[in-house]
Amino acid sequence: MKSRPARRRPKLGMTWLSSCGGCEESILDLGPDLAGILGQVDLVYWPIGMDGRMEDLCKVPDGGLDAVLINGSVRTEEHVETAGLLRQKARIVVAHGSCAHLGGVYGLANLFSREAVLERSYGEDGPRLPRLLDRVKALGDVVKVDVVIPGCPPTPDRVREALDSLIRGTLARGAVLADDRALCRTCPRGETRRPDTRIRRFRRVHEATLDPDLCFLEQGIVCLGPVTRGGCEARCVRGNLPCRGCFGPVGEVKDQGGGGVGFLAALLEGASEEELEQALDGLADPTGLLYRYSLPSSLFGGRNEGEGP
Amino acid sequence: MERGSGATQSGEGPAVFEPVIVAFLCNWCACEGADAAGRARLELPANVRPVRLLCSGRVDPQHVLEAFACGADGVLILGCRPGECRYREGNLHAMKRVALLRRLLGPLGVETERLDLEWVAAGEGKRYAEVVTGMVESLRALGPLKPQSASTHTTAKAPDARTKVEL
Amino acid sequence: MSRSIRIDPVTRLEGAGRIEIHLDGSGNVDRARFQVVDFKGFETFCRGRAAEEMPTLTQKICGVCPTAHHLASVKALDRVFAVKPPPAARRIRDLAYHGFLLEDHLLHFLVLAGPDFLSHAGERSLMGVLKGPAGRVARRLLQIRERVRGLAALTSGSALYPVFGVPGGVTRPLRVEDVTRIRTVSEEAVSGAQEALELFHDRVLTHPLFTEMLEAPHLAHRTHYMGLVDDRGVLSVTGGRVRVVGPEGVVYREFDPEAYPTHLEERVVSWSYMKPVFLKAVGWQGYTDGPQSGVYRVGPLARLNACEALSTPLAQAEAERMFSRLGGRPVHQTMAYHWARLIEALFAAERMREIAEEGDLADPCVRRFPTRSAGEGTGVCEAPRGTLFHQYRVGVDGLLEDVDLVVATQHNAAAVCMAVEAEARAAVGSQGALTVEGANRVEVAFRAYDPCLACASHAVEGVEGASDRMRVYDRRGDPLRVD
Amino acid sequence: MCRIGVYICECGPNIGRTLRLPALVQSTGNLTGVVRVRRVPVLCGREGLDFLGEEIVAQGLDRVVVAGCSPREHESTFRSVLERAGLNPYMLQVANIREQCEWVVRDRDQATGLARRLVAGAVARVRHHEPLLPSEIAVSTDVVVIGAGTAGVRAALTLAGKKRVVHLVERLPCVGGKVPLYEDVFPGMACAACVMDPMLDELLHHDGIRVHLMSSVEELLGFKGNFTVRLLQSPRYVDPEACLGCGACVEACPVRVPDEWNPGLAERRAVAVPYPGVLPSLAVVDPRHCLRWQGEDCRACEEACPFDAVRFEEEARVQEIQAGAVIVATGFDLSDPGRFPQYGYGRLADVITSFELERMLNSSGPTGGRVLRKDGTVPGHAGFVLCVGSRDPRAAPHCSEVCCRYTLKFLHRILAQGAVDRATVFHAGLHLPGGASQDLYRALEGNPSVHFVRMGAPNSAGILEQNGSLAVRFPDEEGRVRSHLVDMAILAPAMEGASGNRELARILHLETGGTGFFDQGITLLDRVEAGREGVFVAGCAAGPTDILGAATGGQAAAGRVLSELVPGETLRLEPVTAGVDETLCSGCAVCEGLCPYGAIERKDDPPRIMVNRVLCRGCGTCAAACPSGAVHCAHFSDGQIAAEVEAMLGREDQGERSKEKGSRIAG
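Protein chains in written order, with the working numbering: chain G, 1 to 309; chain B, 1 to 167; chain V, 1 to 483; chain Z, 1 to 667.
Honestly, I wouldn't trust all of these hints.
[Unchecked claim] Here's a subset of chain G near chain Z, in silico, CB distances under 7 Å, partners left out:
no., residue
1, CYS58
2, ASP196
3, VAL227
4, GLY262
5, PHE263
Since the hints were made in silico from the structure, they are not lab data.
Every residue gets a Cβ at the ideal spot worked out from N, C-alpha and C, and that includes glycine.
The shape of chain G in the complex, shown without the other chains:
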C-alpha cells in the first residue's frame, strides 16, 4: 500500500457475517462526514447501504478490492465461504468489531453444545439454509486478517481512522486500530485506583450504589478495564457502568479470561479457601463475564477439537 498513487480512489467492500448491525452503525455514525469519506472511495459492496448481490462480488477479480471491512462472527458454513471469497478479492482484510476480531458476544453460545436436534430441524431437508458450524469462530479463525478495528461496536473515530488511512494509502497490515495499552491508562477514574485495595466480596452492579468518580474495582465491582485494550473512549465507564471487555485483551495477553483471573485474583481478600470462596460468591458467572466478547478466540474455550474440516 505504501507506494500507491495518492489520487486513485481505493476500492472498498464492507459486509457482515453473523452480526447485529452495530458495526454498520459505527460507519453510519460518521454522520455528516460519511458522505465526504465515501466520496473518496470506490464502494463496491455494502449490503446495508447499497444494492449489489453476491454474484456481483464474484465478478470482482482476485485482489481487486483494496480493502474489505468484515464485521460479525463466523457462525455458518456460508460465513466461511463468504469470508474466503472476500479474502480472495481483497488485498487487506479488516476485522471490523469484536465479533470478527474475537468471536464476540455470540461466542457465548460456545458454552453450549450444538445438539443434533438443530441439525435435524434445519438440516438437509430444508431449502438450502446454511449449515451451522459446531461453534462460533472469529474471522481470524477462518481467513488471514490484516487489520483489526476492535470494539462492540467500534467507535466511529476508529472507523474513520481505518477509512482515512485506506484513502491515504497508509493502512498497514498488522495494525490494531485502538490503543496499545489497557483502558485504565485513559480511564477518567484511573487515578482513583489504589494498588493495595483488597475485595472481601465482589458486589454486583444492581446491588451497589455506583460512585460515578471512583474506580469500579475500588467499589468492589468487577471492571475489565485492566485487561481490555483502550480506545473506546471509556464509553461504559462514562455511562457509569464497568468495562465489559469489548476491545479485547492487550498486546501479548492471549486470553482475556486468563488475564482477568490474574488481576481479579490479585484483588481478592482472604487467606483461606473458605474466605476466597466467599469473596468469589459475589462474582456472578465469571466465565460469561470474562469471556463476554472473546470466548471463541480464547485459549481453551476456543479450541476446536472434534470439529470437521
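Use these hints to put chains B, V and Z onto chain G, whose structure you have.
Chains B, V and Z alone, transformed into the frame defined by chain G:
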C-alpha cells in the same frame, strides 16, 4: 503415554486411561520435594510433566489454560506451605488464582478435580509422591478432558422431540 | 423442472437475509420465502449469565435498535427484582427512548428505504440520495439525526451502545446543563421530523413506483395489528398494555405484556432461522390474511392502526391526514408503513420536547434498589419495528434460568413473506426471470417493514428448553403430534 | 535459527538402567533446532565438563540442553562451562531425567516416553532463552547507624574515621545512651562522664557524622549498597542553634510530670533539659504534657527564653537517606520487675531497680549522690536481689551478663561513701568474667559489711513488708525457705531488647528473638550478622553485653561495612528479575499491590509502573497478575513457559507460536 489423552495397555488387563498432568513446581520446595522423591527411589507415575518455576506465584492463569488447550487432562500447582513461601506470599496468590480459575473453567467443562494446588515442602518427597499419584488416580477415574462440555444450564431435550418442521 | 431464483443478499436492511423464489415447471412463482440465514442463540446462551448484565448483553442482538433491547431488558429486570424506578429515572429512560425511536426512523428513511424513492438516477444508496433532489433536506436530516444521537451520550451513555439501564433506574442523573441542551435539540428534532414529512409528501407520495405499490391490491393485507397503548388507548411506546385490533379495526384482544405467551405462538420453519409468530387464539391458517388468519402485523402502521390516537398534536394531525387519504383506520396498504414511520418520528420528537419540560429532569434520585434477589419478569416496549418482549426467570443466585425473547420481525415474518411472495409474482410474471429492477421491487416490498434480521436471529431454535408454546408444523401448517 | 546441543548424562551407572537411552537420543535428534545429541558417561566430572566446553565451540552451538540430574545439583556448574566457552550462561536448560524420571518410573517404556517429553520441553524452552547479563550497580558507602549508645557511637566514629558518611539515628533527644546516666562504671570504677563525654563530643563535632536526634526509621527500602532509609524526625520545638540549655524555660514551665530519666525519684517539666550534663545540652518540649497541646495558650517557656529559641510551630520532618548499609545498635531496656508481683516492685516503697540506684548514686542526679529511702531516711541495710527475671525459662532465659558486676560496683560505691551500713547480695551464682571483675570481688571478700547469700534458683526470691522493713524470702539450695530483713531492696531486672525493636524488625525485615534482641542472625563466628544483607547488629541490640562488648560490637559492625562496601567498587545484581514493557503498561497498578519487596512503583503522567531491579527477586507474581502482559520475567517468560508446556504435551512444533505478538492478526 506419548501423546496427551490416550490409553495404554497396562500389563494384560484392559486399556487404562492415562491422564497427562502438567505440574508447575516451585523451585524452592516442590522441586526439591520431587528430587527428594527421586533420591528415595519412590515409585511415581509417568503421567506428570514437571515445569520448574521460581515460585508458585509465577503461574499465570494463562499457563494453566494453555496446558489444558494443549491437551493436558490435569494441571497441578505445587508451592511452599502457607507461611513458608520464599517470596512471602507467592503461594497465597497462587491459591487465589486457582480458586477463581476453577470457577472460570467449570462452565467450559473442566471439572474441579482437574486443577489442583497443593503444598509440598523441600523434604517432603513422600508427600510429593502421594499428591501426584493421587491426582493421576482421580483423573484416571474421571476420564479424558472433553473439548467442550454442555453447560450445566442446558437441560438437553431428546433430539427426536421435533422431527419435522414446516418445509 | 422446478427451479428457484435467489436474491442474495437482500440489501438495505438490517442483517443477513435472502429471498428464495421457487418457480414451478412452467416458470411461474410457486412460492417465495424470505430467509433469515443467520443464527445467534441468545435465548440459550443467556442462561447462566448474570441477570444485571442482560441490558448490555441482549442489546447485542441488534446494533440498530440496541436501545429497544436495553429498555425491554431493564424493564424486565425491574419486575424480576421488584423495584420501581424513581420518576427522574423513568423520564430519562423515556427521553432516551423517544430520541432513539426518532433517529432510527430517520435512518430507515435516509439510508435503507429512502434510496428507492429519493435517489439520484440509478444510484440507490445514501450517496444517491445526497446527490439527488432531496440532498439538501437529507443532509439536514442527517445532521439532526447526529444531534439526536449525540443526546444519547447524555441520557444513555452512547447511542451506539446504551449503558444507562440498571434495575430500579438508571446509572446516573442528568445535569442541569444537559437539560438545556436536550430542550434545544428537541426543538430541532420536531422541525426535522416535519421536514422529513414534507419531503415525504413532495417526493415519495408523488413517486410513481411508490404510488403504484401503495395502491397495488396484492400489497394490501387485511391482517390483525398489534401495538402498545396506555389506559386511554393512546399509543405508548415504552410500556402499557398490548392491544390487538382485527382487520376491521375492532379491538380483538387487550392483555398485559407478561401474558404474551398465552396469546402469541412461535412457529419453527425449516427454511429460516427465524421463528414467525401468530395469534394463538385465531390459529395458523398459512400465509394468508383476513379475520380467520392468525397473521398480524406490528410496527409503525400497526401501532397507528391499533391505538385510538397519538398524544401529541402535530403527529395526531398527520395521522388523521394519512387515515383520511388512505381510506380510514385501519390502513392495510403495506407501503403506508413509510408514512406511519415518519408520523411516529414526529410523535417521538414531540414527546422528547414534552419530556424535556416534565418534572425535574436533573433530579439526582435515579436509582432504587432491588427488593428481592430473584423472580420472573417481562419487559416490553415498542421497538421501531414492532413490539418487543423480553421475559426472564432469574434464580436465587441472580443468574438467568430462562430467557424468552419475541422481537418485531418475528411478528411481521408471515406478513413479510406474503408481501415478498405477492411482489415476486408480480415481478417475475410469466417470464420466469427476474430483472434487477424486479428484484429491487421485491425488496421494496419487504423494506416497508424495515425488518431487522439481526433481531430475528436471536434464538437457537429447538436446541433445548423448547417451551410448550412452540409447536412443530407440517407442510400444510398443521401442528405435528410428537410421539 | 538455533543450534542446540543436547547432552545426555549417564551419570555413571545412574541413568540408563530404566531409560532406553538410544531411543531417547534418536527422538531428541528430530527436535527443532537440535544439531547435536551426545551421550556422556559423567558430564559433571572434569572430563565431561571439558568435553562440553569443546563441543560448544567445535559445533558452534548457541544453546545447550543437559539431560541428567536435578538442576539444583549442577546447573551452575554447566553455566560456568557455557560462559567459559563464550556462551551466555543462561542459554542452558537442564532436563531432570534422573530424580524425576529414571529413579522414579519403573516401566522402561513409560520412563523413556517421559524422558522424551522432558527433553522436548527443555529443547523447546531453550529455543526461547535469551542471553542475560548480571548488571553491576554503583553502591552507596554511606551508613545509617540506628542508636546513639555506646555501640552506635563507637561504630559511627570507626566508620567516620575511614571517611564514611554516617547517619546516626537516635530516637531520644540526646546521645550517649544509658552510660552517661551512671556515676561510675565497672570494672575499673572509672568515672562514666569522663569516659563518655570526650567520645560524644567528638561525635557531635565530627564532619562525617550526621546525628539525627528524636528520629526513627520509618521505612527501609532497597538492598545492600542501595538502601533508601526514610526517617521521621519529631519536632523538638526548640531551635538547637539558639538554645544553650540554660534552663530558663524549665523554670518557667508550670507543668510537672514524672521524670523518665529519674524514674520514681523526681519530676520534670513539660519543657526540660533531659538530665544534667546531657549532650547535646538542649531543651526539649514534651507535647504530651505541654499545655499548648492541651488546648491552653501557655507561652511561659517562650517568654522566659532569653534566646528566643522556642519554636512551637515546628513540625515532624520526613527525610530520605541513601545508604549502603545499616547498623542496628538500639541497645537494651531493663524489663519491668512489676511483671513478677512477688518482688513487690511498685507496691513496696523501698523496692527499687538497679537503674534507680544508679541515678541516686549519680552526684548530679536527683538525690545528689545520696542513697535515700522513700521517707528520706538513709537505709541501714541494703539488699541486692539478682536474677530478677533472668535465667528463668518462663521469663528471660538468658543471663543478663552485667548484673553481678554492676552490683559489685554498687557495693564499692555505697560502702566507700558510707551510704549504707550493711549490704547483702542475694544471688544464684555469681557471673564475674575477666580479671578486673575478680579483683573487684576479692576486694569485697573480707568486708564484714557485705554478705553474699546464695539462692536455690534464679528469679526465685520474694519480698514482703515486715515491721517497717523488707523481708527478702527465697528457697536456698536445699529448698528451705529463708528470709532476710533489709531496709531497701535493689532489684537487678533482666535485660531485654529495646522497646522499639519489634516494630523496627518489621520495618527492617529482620527477626527478633523471644526477648526482643536481634540475635537471629548471630553465628558462632559472627556476632554482627542481622539476617539480611547489608544490615548489621551491634552491642546490646544483639543480646546482653557489657560496655566493652557494646563498644567492640560497634567497631566490629563498622569493620564489616568497611570491608564490604568500598568506594569505587560495584555490586553485582542477578539478572533474573522482572521488567516492564512500558509500551504495554496501562499503570493499573495491580502488580504494585502484590510485590512483597516494594520493588514496583507507580509513576504518574503518564501512568505506568517501574520495577526496581535492585529490590526485585524475580519471583514473578507480578508477571502472573499483569492483565496487560506488560510485566516480563527474565528467564521465566510467558513464551518460555508456554513453549515448555506445549512441547511437554507433544506440541513442540507450535512452540514458535507463543513468540508471536498479536497472534490474532496477520497470523
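Here's how the hints hold up against the structure:
1. With a least beta-carbon distance of about 26 Å to chain Z, the hint placing CYS58/G at the interface is violated under the 7 Å criterion.
2. For ASP196/G, the shortest C-beta to C-beta distance to chain Z is roughly 5 Å, which falls under 7 Å, so the interface hint holds.
3. Below 7 Å, beta-carbon pairs count as interface contacts, and VAL227/G has one with chain Z at about 4 Å; its hint therefore holds.
4. For GLY262/G, the shortest C-beta to C-beta distance to chain Z is roughly 5 Å, which falls under 7 Å, so the interface hint holds.
5. The restraint placing PHE263/G at the interface with chain Z holds, with a minimum CB-CB distance near 4 Å, inside the 7 Å limit.
In this structure, the one hint that does not hold is number 1.
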